[in-house]
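Trainee: Residues per chain, in single letters:
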Amino acid sequence: MSLLDLNGVTLKFGGVTAVNNLSMSVNEGEVFALVGPNGAGKSTVFNMISRFYRPVRGKISFDGENLLNHRAHEIANLGIARTFQNIELFERATVLENLLVGRHRHRKSSLPEQMFFMGRVRQEEREHRLAVEEVIEFLDLQAYRDKMIAGLPYGVRKVVELARALATKPRLLLLDEPASGLSVEETQDMRWWIDDIRRQMGITVLMVEHDMGLVSKVCDRVLALADGAKLAEGTPAEVQSHPAVIEAYLGTSAISKTANAKGERV
Amino acid sequence: MDVLQLLLSGLANGCVYGLVALGFVLIYKATEAVNFAQGDFMMLGAFIMVGLVNPQFMGLNFWLAVPIALILMATLGYLLDLLVLRHMFGQSQTAVVILTIALGFVIRFIAGVIWGHEPQNLHSPLALGDVRFGGVVLSMADIAVIVVTVIMTMLLWQFFQRTKLGLAMQAASQNQMAAYYMGIPVKRVQGAVWALAGVVACVAGILYASKGTLDISSGFIGIKAFAAAVIGGFGSLPGALMGGLIVGIIEPFAARYLPAGYSQIAPYALLIIVLVFRPHGLFAQVRVKKV
Amino acid sequence: MRFHFKTSYDHDIRLFPDWYKFSLYAVLLLILLALPWIIDSFYLGEVTNVLIWSVAGLGLMLLTGQTGQVSLGHSAFMALGAYTCVNFMEAGLPFLAAFLLAGVVTGIIGALVAIPALKLHGVYLSIFTLALAILADDFIVILEPWTGGVNGYFAPEIWVFGIEINRWAAPETWYFLTLGTALFVTLIYRNLLRSPLGRAFAAVRDSEISAQAMGVDVARTKTMAFGLSCAFAGLGGALMGLFAGAFNNETFNFLISIQLLMMIIIGGLGFIHGAFLGAIVIAFLPQFLSIATDVLHITVPGLETGVFGMILIAFILFEPMGLYGRWLKMRTWLELFPFARRDMFRRQKSYLKTERLR
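Protein chains in written order, with my numbering: chain A, 1 to 266; chain B, 1 to 291; chain C, 1 to 358.
Please note that a few of the clues may not be correct.
Said to hold, decoys possible - Derived pair list, reagent style BS3-like, types lysine-lysine, alpha-carbon separation capped at 30 Å: (1) C:K6 / A:K147; (2) C:K21 / A:K147; (3) A:K108 / A:K147; (4) C:K21 / A:K169.
Please keep in mind that the hints were generated in silico from the structure rather than gathered at the bench. Note that the coordinates shown come from a computational prediction; the quantities given were computed from them, not determined experimentally.
One chain only, chain A, in its complex shape (with noise of 0.2 Å):
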C-alpha cells in the first residue's frame, strides 16, 4: 500500500524546470532511493515534500493527506522526518538538546505550563529523554550525548541529524544523500542503520544517495531522476542496467562514477 504519492508534480524556477511532470509512489515499509546526476532535481523533491518549495502543479499526499495544505513546520506532526544533504544541526547546542528538538511534536503542555514547569512539563521531559535515549542506544552516540555540535567531527553531524529525525518518531524518513563524505566504515554503519530502521522500527524510508554500492544494498525500489524527469524506475539491478541511466551518466559526464566514488557533495 502506497504512503507517499507524488502525482504529476512539476517545479520552476524562474525559467527552469527544476522537476516535470514527476509521478512517483513509496510503499509503506519499503526503502526507495532516488539516484540521477548533479542538478537532477532530487533534493528538490524533498524540499517540496517538505514544503519548502511549493511545486506549480501536481499533487502530493501523504497517508491520504494532501501535503500541500500544509506549511514546512506541519510535516513533522504528520510522521515526515527529514536529514539534510549539508547538515544542517543546531551549532550551539549539545547533541542531547539537538535530539530533544526532534521531541518538539511530541510536546502537549502550554506556554503557562512552560514558564513555572509544572508536574506535566517535568513528567513530558521524562518521557521525552526517554525516547530520546532510546535513539541514542541504537546509534551509538553515548560518548557525545552532552558535546556541543560545533566541535563534532563531520561523520559524527551526519549520525545526529539521522538520530534527531529518528527521535521525531517518524512514519516516513527522508535521507538526503546519508553516506556523502563518510569513510568506508561508517558507509557501512550507515548501511546496518537504515536495514535496522526499516525492520525493526518499521520506519519507510526515502532516500537520495550517490552510492550506487549502498543504494543496491539496501533499497527496495530505486527510481533515476535526470533533468527533471523519470528515466527508469525498478529494482536496483534493473534501473543500473537500464540504457536511459547508463546513457545519462556516462552521456551528462563520465566523471561522476569516479565523482560517486568519492561521495561528492554538492
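Starting from the known structure of chain A, arrange chains B and C on it as the hints suggest.
Mentor: Frame of chain A; chains B and C shown alone:
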C-alpha cells in the same frame, strides 16, 4: 512656488542622506558588513574640515583643506579595517553591527575631546549667498550638494560596474572563500572599500557642514540615512540615493502639512511601512536559501 | 575536578545539576538577602540599579542570546512597561497587580509588533526595532493624556502588602522589590530553557530551515520570544521609571536600547549570568570613572560612553563570549590544571558565505 521651494530644500537635504546612505551600501556591497558608524564618519570628516579651515584652529585655505581631509578620512577608514574590522573576518553580521555602533560611540567621544561639545560652523565658501529664480530661493550650498551628489553617485556606479577593483569588491562580498580561490586579495579589497567609504563620508560631511551648524551628535543623521538606504534597498547604489531623496523630501512636507509632533514620525513610519510590505526595499532582490 | 554521575533523567531536568551547585547558589542568595545590613544605602541603591538593568537585560537576552534576533528597540518596550504600570496604578490597582499586568500588556503588544517584523532578518530587524525606539519618543509626546508628554510622570507612592516602597526613607524596600523581580524573571527564564520552548528558541537561532523540518513553527516561536522578551523588558522599564522617581519621553530614548544590547554582549550572549555581569559593568562603570577622574583631577565630558564603546570593541574582538565566557574558560583551565592547552579555546576559522544572490 511653495511646493517647489519645499521640494528643492528637501532635495538638498536628501542628497546628504543619500551620500551617507551610499557609504552604508558601499560597505555592505563589498564586505557584507553594515557600518552603523557611517554617520559618525561623516561627523568626523566634517570636524576634520573645521579643524583645518576654521581660524580658531589651523585656518587653512578651504580648497587646500579638502584633499587633506579626504586623504585623512581614507587613511582612517583603511586603518579601521586593518586594526579592527579585519579581526572580525568571517564573524556574523550582527557582531559587526554592534561593533560599528560601539565605534560610533568612540568616534563621538574623540571628536568631543578634540573639538568640544559646542555647535560649530564651517567657514565654507559654499555657504555664501543665495540664488533666486522665479520666487524660489536656493542657497549656493544646496546647489553644490545636489551637484556633488549626482557626480559621486555616477562615479561610484561606474566604479562598481566597470573597474576590476569594483567587480572584485562585489565578488568578495558574495563568497569570501570562493573569492580567495579566484585570487582576489579579499582583505586588501575590503580595506580599499573602507577607505572609499571614509572618502564618501568626508564629502557628505563637508557638504553637511556647509549647509548648517555641526556638533558631535550630527552623526545621528546616520540613522535617518540608514533608514533611507533600507527604504531604497540595501545593496543598490542608485536605490540608496533614491531612498535618501525620498526621506529628504518627505521631511519638509511633513513639517509643513502635518500637525506638530507628527512630522518627525514621517521618515520612520515610511521605513516601517516599507519593511513590512517590501522587506528588502523598493529595489528588492529576491532571496531563497538553498538546502 | 568533580565528577557527576547521572542516575536519573531528573539530573538533567532539575534546576541545579548537583548539591555542590545548589549550595553555591544558596550561599549567593543568603549574601544577597543579607546585603542591606552589609553595605551602606548608597551602594545598596547601586545594587538595586544593577538588578533593574539585569531584569531588562534578561528580556533582551531571551530574544538575542537565545533566539538570535537582534533588537535595538527595547527601550520602547521599557517605556511601555513604565507608562502602563503607572496608568494602572492611577486607575486604582494595587502596585503588584499593576506591575505584573504592565509586564503582560507589554508582552502582548510586543508579540503583536513582532508579527510584521517576523519576516525580517538580521540587520533589517535591527533597523525596524531601532525605528520603533525612535518613534516611541514621539508617540509619548503625542499620547500626552496617558503619558504626561514632555512633563512626564512623577512616580506615585508604592505600597506592597502594607509596606511602603520608598527609595529615600527605606532603600532596602526597593532593593528587595527588585531582587524579588530579578529572581522571578530568572526562574521563568531558566524554566523556559529546560522546556520545549527554550529548545525551540535555540533551534530557530541556529537553523530556521531544520527547525521547521522538526516541526517547530518558526513564526510562532519568534513571536513568543519577542513577547516574553518585551514582557521582561516592560517589567525592567517599570522598575527603572519608578526608581528614577520621575520619567518623561527622554528617559527611555533609543540609546538605552543600544546600551542594553551592549550590556548583554559584554556580559556574555546566551547566558543568564551574562545579563547580571553586564548589568554590573553598566551600573558601576560611571562610579568607577568618576572616582578615576577625581583622582586624576581631570574632567572629560562624554567619557562614559566613549569608554563603554571601547570596552565593547575589545570584547567583540578578543572575547566574543563576554565576561561569562571568559570565566568559563578560566574555570576549565583551573579544573584541568596543569593539563589545559592554549588551543583548546581557539576559535574555529570561518568564512562568511552569504545567502545573497547578487
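Trainee: Each hint should be assessed against the structure and marked as holding or not.
Mentor: To see whether the hints hold, each was checked on the structure:
no. : hint            : verdict
1   : C:K6 / A:K147   : holds (15 Å)
2   : C:K21 / A:K147  : holds (20 Å)
3   : A:K108 / A:K147 : holds (28 Å)
4   : C:K21 / A:K169  : violated (35 Å)
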